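Modelling step: build the complete structure from the supplied sequences, incorporating the hints.
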Amino acid sequence: MNKIYGSAAEALEGVLSDGMLIAAGGFGLCGIPELLLQAIKDNGAKDLTFASNNAGVDDFGIGILLQSRQVKKMISSYVGENAEFMRQ
Numbered sequence: 001m002n003k004i005y006g007s008a009a010e011a012l013e014g015v016l017s018d019g020m021l022i023a024a025g026g027f028g029l030c031g032i033p034e035l036l037l038q039a040i041k042d043n044g045a046k047d048l049t050f051a052s053n054n055a056g057v058d059d060f061g062i063g064i065l066l067q068s069r070q071v072k073k074m075i076s077s078y079v080g081e082n083a084e085f086m087r088q
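For the sequence shown, counting from 1, position 6 maps to 6 in this note's numbering; every step adds exactly one.
Honestly, the hints are just simulated from the structure, not real lab data. Treat the hints with caution; some may be incorrect.
[To be verified] Cβ pair distances, simulated, as ranges:
#: 1; residue 1: Arg69; residue 2: Asn2; range: 29 to 39 Å
#: 2; residue 1: Asn2; residue 2: Gly80; range: 32 to 42 Å
#: 3; residue 1: Gly14; residue 2: Ala83; range: 33 to 43 Å
#: 4; residue 1: Gly80; residue 2: Tyr5; range: 11 to 21 Å
#: 5; residue 1: Asn2; residue 2: Ala83; range: 33 to 43 Å
#: 6; residue 1: Met86; residue 2: Ala23; range: 15 to 25 Å
#: 7; residue 1: Asn2; residue 2: Ser77; range: 17 to 27 Å
Since we're looking at a predicted model, the values are computed, not measured. Glycine included, C-beta positions come from ideal geometry on N, C-alpha and C.
What follows is the structure, encoded as structure tokens:
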């Protein structure tokens with residue numbers, strides 16, 4: 001099994017589906033999987049549950065998935081900097 005992929009979208013092929021629980025690493029906006037989050041957005045998977053220490057900001061991190069309404073539930077210790085999260 002090849003564990004090296006040419007792109008984030010390729011790595012998610014056949015793995016990502018609607019309704020998944022996804023744990024995203026990083027602390028604040030540091031060390032987050034930016035390319036994977038963008039690939040999830042581009043894929044269009046919906047009703048996702050995210051477990052992460054924060055909800056990103058409006059247009060970065062998990063915030064891009066909140067803007068596109070792909071996140072159904074958020075498990076997080078801090079969401080204070082994301083106005084979109086607070087709106088939803």
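Starting from the hint list further up, note which numbers the structure goes against and sort them upward. 4 and 7
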